[in-house]
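In order, the protein sequence lines correspond to chains A and B. Going letter by letter, the first sequence gives residues 630 to 756 in the working numbering. Going letter by letter, the second sequence gives residues 630 to 756 in the working numbering.
Mixed in with the good hints there might be a few duds.
Intra- or inter-copy, both count: the list cannot distinguish identical chains.
Keeping only pairs whose Cα atoms sit at most 20 angstroms apart, straight-line, the calculated EDC-like set for lysine to aspartate or glutamate is [said to hold, decoys possible]:
1. Lys634 x Glu708
2. Lys634 x Glu751
3. Lys694 x Glu707
4. Lys691 x Glu659
5. Lys691 x Glu664
6. Lys691 x Glu707
7. Lys694 x Glu740
8. Lys634 x Asp672
Calculated from the structure, these hints are not laboratory results.
Below are the chains, spelled out letter by letter.
There are 2 protein chains.
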Amino acid sequence: MTIGKLDAVTIDCADPLALARFWAAVFGTEVASAEGAGPTYVDLRPAPGVPTLRFQRVPEPKTVKNRLHLDVAVTDLEEARAGAEALGATRVSPGTFDEFGYRWVVMADPEGNEFCLVLPPEEAGDG
Amino acid sequence: MTIGKLDAVTIDCADPLALARFWAAVFGTEVASAEGAGPTYVDLRPAPGVPTLRFQRVPEPKTVKNRLHLDVAVTDLEEARAGAEALGATRVSPGTFDEFGYRWVVMADPEGNEFCLVLPPEEAGDG
């Protein structure tokens, strides 16, 4: 028995609209809905292969490494890192990881949520 | 500039294969890849609207409420709750939430990762 479909991946944060704009730029999508000027929930419009990302205002700060994170597939790791940093991301891992054919760096979004920029095997094999 | 595409939503866990099987049942998909008998990474086959879910073995346990969680859209909240519990989920919220047209309950997967069973506005409006 299937329980359901994915409605959204929801991300707790302090500033939903600002964080939504960062991730919209990462995936080339846009803010789809936000109620009012200081919204509790902000949804991004789903993009091909990207489900709805939902940003939810919460009072508590981030304290530990997230148990869930997004892996972002890119075609050029250095270019993607520079682009993400220009949008407000920071680098978490000093180096680059290579495992199971993947090559990746660990980054953090403007609220410190870890994510990986990933060169999948078919791309990493070219490097 | 778009940085990349979503490669996967990755979930830290103690037992990737067991947790992957739980989530495969939730979304009606299946384990796509796992290396060996005690794999570090297990990927689920993406389903319509569901990106690749990747389960990654980590040594550290879950300590606080996750900052990222999955919202699972269902058509019958009680039936979905019972079905998820039969698969090994537990209920986190004693009651049901109603906000912005959504109705939902907070659950936890077998490793304690919070997720919501969500009746979207078009369904909740019927109830």
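Under the constraints set out in the numbered hints, which ones does this structure not fulfil? Failing hints, ascending: 3, 4, 5, 6.
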